[in-house]
Amino acid sequence: MRAALIIAGRILRQRLRDRSAIIFAVLTPLGLAFAFSAVIPDFTPNFHTTVAVVDEDRGAAAQALIQGPLDGLVTAGIADVKTLATEADARIAVSADEVGAAVIIPAGFTEAVHDGTLTRLRILGGGSPTSREVVRATVTSFANAVGAGQLTLQTVVATGGTVDATSLERIRAALLSDSPIAVTDATAERRQANLATFYGAAMAIMFVFFATQYGALAILTERRVGTLNRLLTAPISQGSVVLGGSIAGLALGLLAMTVLVVATTLLANASWGPPPLVGALIVAAVIAAVGISTLVATLAKTVEQAGGLNAIVALCLSAIGGVFIPLSQAPEILARLSLITPHAWFLRAVDTLSVPTAGIADILPSLLVLVGMGVVTGGIGLVRARGALVPA
Amino acid sequence: MTAITTPPDQVVPPSEIAHEPPGTTPGGEGPAEAVLTCRGLRKSFGNRTAVDGVGFEIRAGETYGLLGPNGAGKTTTISMICGILPADDGEVRVAGVKVDTGTVAAKGAIGYVPQDLAIYPDLSARENLTFFGRLYGLRGPQLRERIAEILSVIDLADRADERTERFSGGMKRRLNIGIGLLHRPRLLVLDEPTVGVDPQSRNAILTSVEALSAAGMGILYTTHYMEEAERLCDRVGIIDEGRIIAEGTRRELVALVGGSDKVKLSATGDLAAAAAAARRIAGVREATPHDGGIDLNVVEARRLLPSIFAAMTQDGVTIRSVEVVEPDLEAVFLHLTGKALRD
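From first to last, the protein sequence lines are chains A and B.
If you count the first sequence from 1, position 281 lands on 270 in the numbering used here, and the numbers rise without skipping.
To get the numbering used here, take the position in the second sequence, counting from 1, and add 1.
Errors might be hidden in some of the hints.
Stated by the list, open to error - DSBU-like mimics (lysine-lysine), calculated; alpha carbons at most 35 Å apart, straight line:
#1 A:K290 <-> B:K173
#2 B:K99 <-> B:K173
#3 B:K99 <-> A:K290
Just so you know, the hints here were simulated from the structure itself, not pulled from any lab data.
Based on the provided sequences and hints, a complete structural model is requested.
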């Protein structure tokens, strides 16, 4: 490990000295993030949609959803709510773009809520991904609140307590109060900050691949300079040579992303979320980038080839992963395809962290996927890189 | 290029300094310990066998030359000895410890100077030495002192903090060798260190190698320059097509092909009588008088020259000049392989 750190230290010194890492990994994404957030107008203030509701249940829980969260959208001026009789009507309305999305409340919904059994609210999305996302978020919020209420009641009963009518009404009121009014609290100023956050995050995840490549290219660079054989004759394990590059890539990636987060927070009013969670997210994203860069570098024979290939991979993953077009605005197929990229998982977690109440559990799937991507691709890359140490 | 003058105590610990004939222990009590032993080394790349059963031994203070044309298997052999390349078969031991690509400890006894420059151009000479020194476990004051010594030895002390990309070719070569010496190796492996070097720098490198050998270091020197091998090496292994086809001192190798020295004497007097007198000396195979002198074919001319001179001057001949042409390794190589060394 000591040898790997010595090698990593030398790579860092060289890259920071020639300023290439600073330019590619910090200054360029920072400049682009500022430019995008300043030039591209925020579309959210003008957003308005129509949401259809099909109430096949006609029970208290269905009314709680309609009068609570969905009416909250109306109050906030985000949407009009239109009642339709059947799911078939809703499908026709969605297909004809008469409504942006539809919520189907199935028969027996209220009974299922009361019994604590599984039930399913269905959302029909139309041509507007944003409408679908707004409705999905609203209904998900309601479902979570119902789940919390059920858990409360079950806990009271399980511990020998009783629930009187007054308590039930309080719980119901609490459910109703958990409406998207919280969404409408997001002022225009707050939404502008989110735009800065989005572009800061988008540029950070795209350019972190350019930062980590300096570590991933280490073996090819050593071979070109002629120092690889000298390293291999030193009293260090061959794995140290490979690991040293990965550590350098990790350090450069962390440096680049941290600078971007701090700079966009201080200078562009970006709102990244709780620092410990943002830190965890950055580490996970850099691990993914190091892994992928390491694997990509092993597919090339020269530094130039590897650099070009890495750039192509970084740009393709960025395009698929929602860096250039927010996934909420993207077609469904792209939204699904994006899940193969670390970029989408990173941006999704950044979105999640913009909610003030977000915790580690909310971004845990993203963290696990990012680290998993890094470990799998990096593991394959390290094995391949070690094999490439032997001269042909 | 300034010669790398290497005071013994700056290269190896005093305990390792040997002033006795190469390959013997200080005090002449017996053979010095083997710093390198390799046996039966084999390496193939696909269907091509690059090294086929190579084996030899180098003792402390001995310079062993691996002489062969380009593509003979010298660099592949060195790569296996240094643990860069895994051998298909065979064994390498440095200072008694087995070496392979996974070895860590034994590699600390090897100093490797590759044929191509192996330095970081965007680091200074001092930073290059610091980096490699730390990889070899040197640190703190010990590392700083050792770097100062090496910078002095390779005559780069005044340019130590300059990036090496600004160095001349000769300066880079000196640093390349200096890095290999930094950790006081017991075995120094020099892979064609004079290829592409100007004559002045080349001579300085050869002088340095002689000094290091005199200081007790075991040296493996590969070259395809016959004159370098003759000048530096106590023993030479001639390698061709992956095999060592002959090994020994220069004299032993020449004897293998039955070689004798040619002596050209410029003389006046009764040359026919002088030639006849010379022919009576054991070891003189032929003596032919001609206008202005006598040509002789002699086994070990340097040893017999006094006897030849004495015999001739007794017959009243005056010797004006003498030229001795000894059979060289080029001739040996030609004899053994049927091709020239530089083919």
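- Is K99 (chain B) close enough to K173 (chain B), meaning Cα to Cα at most 35 Å? Roughly 32 Å separates the two Cα atoms, so the pair holds.
- Query: Within a Cα-Cα threshold of 35 Å, do K99 (chain B) and K290 (chain A) meet the stated pairing?
  - Reply: Roughly 32 Å separates the two Cα atoms, so the pair holds.
- Message: Hint check: K290 (chain A) vs K173 (chain B), CA-CA at most 35 Å. Holds or violated?
- Response: Roughly 27 Å separates the two Cα atoms, so the pair holds.
Checked against the numbered hints given earlier, this structure breaks none of them.
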